[in-house]
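Note that the protein sequences, when read in sequence, are chains R, G and L. Per my numbering, the very first residue in the first sequence carries number 1; after that it's consecutive. Per my numbering, the very first residue in the second sequence carries number 1; after that it's consecutive. Per my numbering, the very first residue in the third sequence carries number 1; after that it's consecutive.
Treat the hints as calculated values from the structure; they're not laboratory data. Warning: the hint list may mix true and false statements.
Unchecked claim - Here chain R is said to cover these stretches of chain G; the calculated rule only asks that three of the stretch's residues, wherever they fall, bring their Cβ under 8 Å from a Cβ of chain R: (1) 41-55; (2) 215-223; (3) 245-254; (4) 259-268.
Don't be surprised by glycine CBs; every beta carbon is placed ideally from N, CA and C.
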Amino acid sequence: MILKKIEVNINGRDYCLDVEENLRLIDLLRDKLKLTGTKEGCGEGECGACTVIMGGKIVNSCLVLAFQADKSRIITIEGIEEDDVIKNSFIEEGAVQCGFCTPGMVLAAKSLLDKNLNPTEEEIREAISGNLCRCTGYNKIVSAVKKAAKLKRGGDGE
Amino acid sequence: MKKRGKGIACIFYGTGYGNGFPDVSRAYARLLEDGRVEISVGATEVGQGAKTVMVQIAAETLGLLDKDIVLINEDTSKTPDAGTAAASRQTYNTGNAVKIACENLKEKILEDAAKLLGVNTKVGLCMKDGLIYVKSYPSKKVSLKEIAELNKDLQAEGVFTAHTTQMDENGQGAPYWPYTFASCAVEVEVDTETGEVSILRAKHVLDVGRAVNPSLVEGQIDGGFAMGVGYALMEDIGLKDGKMTNGSFEKYIIPTALDIPEIEKVLIEYPEDTAPYGAKGIGEPVMIPVAPAILNAIYDAIGVRFYEIPVTPERVLLALQSKG
Amino acid sequence: MNELKIVGKSINKIDAKDKVDGSAIYPQDIYLENMAFGVTIRSTRPHAFIKVDTKEAGKIDGVLKVFTYKDVPGKNHHGVVLKDHEVFASKKVRRIGDPIAFIVAETKEIAEYAKNFIKVEYEDIPAVFDPEEAMKEDSPKVHDRDNVFYHFKIRRGDVEKAFKECHVIVENVYKVPMVDHAFLQPEAGVAFLDEDGRVVVIASTQYPHFDQEEIAESLGVNKEMVRVLTPAVGGAFGGREDITVQIHLAIAALTLKRPVKTVYSREESFLAHSKRHAMKMYYKTGALKDGTLLALEAKIIGDSGAYASWAMNVLRKSAVHATGPYYIPNVKVDSFAVYTNNPFTGAMRGFGATQVPIAYEQQMDILAEKLGLTPIEIRLKNCFREGSETATGQVLEGFVPLERCIEELKSF
Numbered sequence: 001m002i003l004k005k006i007e008v009n010i011n012g013r014d015y016c017l018d019v020e021e022n023l024r025l026i027d028l029l030r031d032k033l034k035l036t037g038t039k040e041g042c043g044e045g046e047c048g049a050c051t052v053i054m055g056g057k058i059v060n061s062c063l064v065l066a067f068q069a070d071k072s073r074i075i076t077i078e079g080i081e082e083d084d085v086i087k088n089s090f091i092e093e094g095a096v097q098c099g100f101c102t103p104g105m106v107l108a109a110k111s112l113l114d115k116n117l118n119p120t121e122e123e124i125r126e127a128i129s130g131n132l133c134r135c136t137g138y139n140k141i142v143s144a145v146k147k148a149a150k151l152k153r154g155g156d157g158e
Numbered sequence: 001m002k003k004r005g006k007g008i009a010c011i012f013y014g015t016g017y018g019n020g021f022p023d024v025s026r027a028y029a030r031l032l033e034d035g036r037v038e039i040s041v042g043a044t045e046v047g048q049g050a051k052t053v054m055v056q057i058a059a060e061t062l063g064l065l066d067k068d069i070v071l072i073n074e075d076t077s078k079t080p081d082a083g084t085a086a087a088s089r090q091t092y093n094t095g096n097a098v099k100i101a102c103e104n105l106k107e108k109i110l111e112d113a114a115k116l117l118g119v120n121t122k123v124g125l126c127m128k129d130g131l132i133y134v135k136s137y138p139s140k141k142v143s144l145k146e147i148a149e150l151n152k153d154l155q156a157e158g159v160f161t162a163h164t165t166q167m168d169e170n171g172q173g174a175p176y177w178p179y180t181f182a183s184c185a186v187e188v189e190v191d192t193e194t195g196e197v198s199i200l201r202a203k204h205v206l207d208v209g210r211a212v213n214p215s216l217v218e219g220q221i222d223g224g225f226a227m228g229v230g231y232a233l234m235e236d237i238g239l240k241d242g243k244m245t246n247g248s249f250e251k252y253i254i255p256t257a258l259d260i261p262e263i264e265k266v267l268i269e270y271p272e273d274t275a276p277y278g279a280k281g282i283g284e285p286v287m288i289p290v291a292p293a294i295l296n297a298i299y300d301a302i303g304v305r306f307y308e309i310p311v312t313p314e315r316v317l318l319a320l321q322s323k324g
Numbered sequence: 001m002n003e004l005k006i007v008g009k010s011i012n013k014i015d016a017k018d019k020v021d022g023s024a025i026y027p028q029d030i031y032l033e034n035m036a037f038g039v040t041i042r043s044t045r046p047h048a049f050i051k052v053d054t055k056e057a058g059k060i061d062g063v064l065k066v067f068t069y070k071d072v073p074g075k076n077h078h079g080v081v082l083k084d085h086e087v088f089a090s091k092k093v094r095r096i097g098d099p100i101a102f103i104v105a106e107t108k109e110i111a112e113y114a115k116n117f118i119k120v121e122y123e124d125i126p127a128v129f130d131p132e133e134a135m136k137e138d139s140p141k142v143h144d145r146d147n148v149f150y151h152f153k154i155r156r157g158d159v160e161k162a163f164k165e166c167h168v169i170v171e172n173v174y175k176v177p178m179v180d181h182a183f184l185q186p187e188a189g190v191a192f193l194d195e196d197g198r199v200v201v202i203a204s205t206q207y208p209h210f211d212q213e214e215i216a217e218s219l220g221v222n223k224e225m226v227r228v229l230t231p232a233v234g235g236a237f238g239g240r241e242d243i244t245v246q247i248h249l250a251i252a253a254l255t256l257k258r259p260v261k262t263v264y265s266r267e268e269s270f271l272a273h274s275k276r277h278a279m280k281m282y283y284k285t286g287a288l289k290d291g292t293l294l295a296l297e298a299k300i301i302g303d304s305g306a307y308a309s310w311a312m313n314v315l316r317k318s319a320v321h322a323t324g325p326y327y328i329p330n331v332k333v334d335s336f337a338v339y340t341n342n343p344f345t346g347a348m349r350g351f352g353a354t355q356v357p358i359a360y361e362q363q364m365d366i367l368a369e370k371l372g373l374t375p376i377e378i379r380l381k382n383c384f385r386e387g388s389e390t391a392t393g394q395v396l397e398g399f400v401p402l403e404r405c406i407e408e409l410k411s412f
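Chain R with its partners taken away, still in its complex shape:
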């Protein structure tokens, strides 16, 4: 097995790792670093449960090889701060049911709001359309993102 050396910053921490050439980023995160908040729902980039933010963009970590993350900054759900408005909005708006899609949804929402603090409903739906959810029917997730956007803009979220 060929090993590759990578340097990667995950959730603000620098790692220098030897990774197998065929190791997927999701396996690095989950199996090696035990960052199990990143979920695997399909392994083919269709469901978005494994969404992480890499270099400021959301990626499906099941479709990225670990060595491709060399020199990049990665944010997983564990890297989102404790009192984050998006997470709190998800809780308060009832946007969480089984929770398996939730980390990916939160990161997709973060990626949207990092670029656009005033998204339309259509933009929100578009931004999370790569993330499947079988429980919530999405509406409360959309409300949570709207509320988070408003709070981030300085409103009261109502």
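Could you slot chains G and L onto chain R? The hints should help.
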């Protein structure tokens, strides 16, 4: 061309295993040393909110806050059997068992409190906010914590069996109870060029008995609606000689956030006599009227009846062609 | 009733915080010391006698053991109603996806590699995929019995006479396919022995106490020796009612005396759990000139696939709900559960009551149009009210707020 149409559907749904099956839920309630109450019950949280609902029912019955309830529900060696988390039965069946366990525990607590307070009967005692007091003389009181310190073995069981009868050879009998009712209206737009059907708006009316947690009920309606959209328009495992041709998420299409409209929701609350605080099961009824309402709306839009689902764009185009 | 303090309030879901933090533990998130990994070998043929040779795979460095039906200490069966599933196929497979063997190795990679060395010899036998074909006497038998393993009847009033009195009769055949629960969390689990020697199985399930019984029966131990833990469950919708990973893991952990984990891919998840019953529904509905429903006759054929799972209960529920929420004095319903060599079907949200409204609610609109009524008018005319009798003769007591549900739609 884009054509719009409206459709409705209404349904009923009988909760539980039914047909005289011993549909039993059990729960234990125990007073902890710190004055909180532990509820142990084998009801699985599958995302639907069972944990939250059981805590709310327990807290209500004991006059406590949700944070004063410690729920144990994830280990068969520590929990009694509460039946399956299916058939829309956990809130109704197991909710009843939790309520009964808490009522039984409350009686035991009141008996101890009467002794401690030196009153001649538990009648006239009130239990609220972790305190037991004489209703007409509230300064005479004792806390749950004080009772727990003196009696470390205060616990009670709650058992609930849904009442149904087995049907006879003509299918006559009372197979389920309670029944939940629901209706749904949708407006669709059919693109006659591409065959695509989109849902523009929807209204969902649900008989809930009582909503233990309205936000959770709304979440069930949204989720059931989405599953109904998938059933009507997208989903099919694609069997060919016993083989699934759509056995992956690349092929098996379920709705995304872009496929679901906002839904106007109406919760109808007439508390059901046999239910815990009147709450009926709603996890399945929420989904059932959605697909037929969509099919009726498609007919209204383009005048084509679909006797087979899913109504994929290919089927719409084919039907429009043969209609001419 | 006194004013309620917390029932009726939208308090935050108590498991939501862990789930938004990513700290909620699903079975795939569990990593234990000295944990081995298992993968399942499944049939690739829908109906065949099999011969399995695991010798080569067993010799691979790092493979701990390959389990087959010979290694099941107790009963090689499970099932929620009929015990017609085998833990591992012994003589024949009845559908694509039947588990045949479970390879347990030091790592997932080794277990996956060893898959290539399991030899399964299939001797194909005639298969049947269409339930109506399967109902014929001379069709291939999926089990050692008639393929029609359940027939439920409702007989009320006299439909033949009633149809003669109807002003309009609508007759159609409706078809609904098998669909998947598609819960987001694929099946996974971990089993190990605890300090008391009990087999602990951590798995996503809807009914841990029933799993406990089924695991114990296959291990040949009493159920107190089995503990089922249900951590976070990533959706279910009926798809976690039947056994998937539980017994395989328990046998492996008990035999190897070390923790064993398995995680299904999405494709394997599709193969492993039940589907919603495909149904063919023959409907004949008759009404008087003013829209009053007089008679309904329905034949509902449910494709149970290779195993029964909940089929009897599902097809019974279909029949009981076949009229829709409408009073109809003359009803004849026949529902059938039929084995085929398709994927097995079981519980899914609505459980037989989801399929029939595809038929009965379209019948209502078709009747309404023929009679010059609106969809709302025909429903209000016939809907259940307090004291109505259902097709099974059940009297609906208490509140029956269906009329209100329909009235609410007038403003849409």
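Verification of the supplied hints:
Restraint check on the region 41-55 of chain G versus chain R: 4 residues with Cβ-Cβ distances below 8 Å, three needed, restraint holds. Check result for the region 215-223 of chain G against chain R: holds, 7 residues qualifying (beta carbon to beta carbon below 8 Å, three or more required). By the rule of at least three residues with a Cβ nearer than 8 Å to a Cβ of chain R, the coverage given for the region 245-254 of chain G holds, with 4 such residues. Using a Cβ-Cβ cut-off of 8 Å, 3 residues of the region 259-268 of chain G lie near chain R, which meets the minimum of three, so the contact claim holds.
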